[in-house]
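2 protein chains.
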Amino acid sequence: MECIKNRRTIRKYTTQDVPSDLLNSLLEEAFRASTMGNMQLYSVIVTRDMAMKEKLAVPHFHQPMVTSAPVIVTFCADFNRFTKWCELRNANPGYDNLLSFMNAATDALLVTQNFCTLAEAHGLGICFLGTTIYNPDQIIRILNLPKLVMPVAAITVGYPDENPEQPDRLPISGIIHNEQYHDYTSADINSIYTYKESLAENKHFVEINKIENLAQIFTDIRYRKEDNEVMSDLLKRTLKEQGFDR
Amino acid sequence: MECIKNRRTIRKYTTQDVPSDLLNSLLEEAFRASTMGNMQLYSVIVTRDMAMKEKLAVPHFHQPMVTSAPVIVTFCADFNRFTKWCELRNANPGYDNLLSFMNAATDALLVTQNFCTLAEAHGLGICFLGTTIYNPDQIIRILNLPKLVMPVAAITVGYPDENPEQPDRLPISGIIHNEQYHDYTSADINSIYTYKESLAENKHFVEINKIENLAQIFTDIRYRKEDNEVMSDLLKRTLKEQGFDR
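Each protein sequence line maps, in turn, to chains A and B.
For the first sequence, my numbering begins at 552 and goes up steadily by one.
For the second sequence, my numbering begins at 552 and goes up steadily by one.
Mixed in with the good hints there might be a few duds.
In silico lysine-lysine, DSSO-like type, Cα no more than 27 Å apart, as pairs [what the hints assert, rightly or not]: (1) B/K563 with B/K747; (2) B/K776 with B/K791; (3) A/K698 with A/K761; (4) A/K698 with B/K747; (5) A/K791 with B/K791; (6) A/K791 with B/K698; (7) B/K787 with A/K787; (8) A/K787 with B/K698; (9) A/K791 with B/K787.
Derived from the structure by calculation, the hints contain no laboratory data.
Model the full assembly from the supplied sequences, consistent with the hints where possible.
This is the structure in structure tokens:
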């Protein structure tokens, strides 16, 4: 599976379109992922219309690939369809809770990764938009998502117009535990993060931001405590509004 | 990617072991999945010891593959390692909240699906244990998971000793929406679920359980409202205990 081993995120795309037939066949294959009780607790929204992309660009913090990619695919945790089926069949659904949201989010994220793998195997490039759960309320309004539906991932898709370096990864010995979790000592942490901290580009980030070290790039600039807490409260409110917080 | 298209869950395995080198190389490739800010917010616990499998069988509702598979791999959302790094570097981490849990769970689930795809491409069979988030507190104790670590998926892995039929899937027109979510009418729901309801095995389930229809198999037997609500409360408590509910 060289396509997984050699993959990298692609943020620049050629103007070549991604045909609907291809996209649908990749999604259909992706739906072969494991799913809780074969309930398929997800829906997929395909965005091609430029006016819709411009609307979606706002919750996605105006990342340029949202409007420049031919297609954006938003994967949603969906207990609405299943609940409607239950109600039509005189069955009493009970999926308006956090556990059910996690079950549906899990289903949706497994399909998301399958779709990304299949797209890349077909020569497409993808970018995972982590912003999807930062502003879920806006995405819900734009995509008209009803109760019991939550966006959990969005992927920009197109034919690659760049070939960036593969990013670093932590040593696998820092991630894999045998039999039980062996919590990290300070020496372990130093060893796990040494290579990342030594990279020229990371040293450059630290220098131009006039801070002490790479960890502070994350805590002071990219993923700040105060922002996380505001967005976390929004996520909780949105889960409640979507009916997942009985 | 025939391995994705033709996949099916495997619950019976031969006695052939899965070598550590193979497992580690599959995991290393799986870690190429998209990850929030390249933070790699996951850890993986590999279970091979029979005494450990027997302990894990309890939270996994004694599903037989938990003790009969050569390996169980538990994927965890992990903000512990990253937080420890920040603390060692005089950086102020703020990842003890629901949003950060979802970010880490997303990272972990993308890696999980990548791992499953790679395992299947190498001739292994897998079963996704949805029970992982039903009894997370027990799994946390057994695997010794510290604060800011939550199990989100567990996979049994081995060489297939069965070749079951591929299960049905809903028609893709019932899952994919263009531009906006078009909520389902009763006619849509009937059309989407007709094929599933028509399957002989599903009719048989309904008959032997002496209930009205397939939807009631889900609501009255497999995924009941009262069970979901108890487990949902446990999930919330466990997230709080693991430090994700500031």
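Now the hints, each set against the structure:
1. B/K563 with B/K747: Between B/K563 and B/K747 the Cα gap is close to 25 Å, so the pair holds against 27 Å.
2. B/K776 with B/K791: 23 Å, holds
3. A/K698 with A/K761: With a Cα-Cα distance of about 45 Å, the restraint between A/K698 and A/K761 is violated, given a limit of 27 Å.
4. A/K698 with B/K747: 24 Å, holds
5. A/K791 with B/K791: Holds, because 18 Å separates the two Cα atoms, which is no more than 27 Å.
6. A/K791 with B/K698: Holds - the C-alpha atoms of B/K698 and A/K791 are around 25 Å apart, at most 27 Å.
7. B/K787 with A/K787: 12 Å, holds
8. A/K787 with B/K698: Since the Cα atoms of A/K787 and B/K698 sit roughly 21 Å apart, the hinted pair holds (cutoff 27 Å).
9. A/K791 with B/K787: Holds - the C-alpha atoms of B/K787 and A/K791 are around 14 Å apart, at most 27 Å.
In terms of the numbered hints stated before, the structure departs from hint 3 and from no other.
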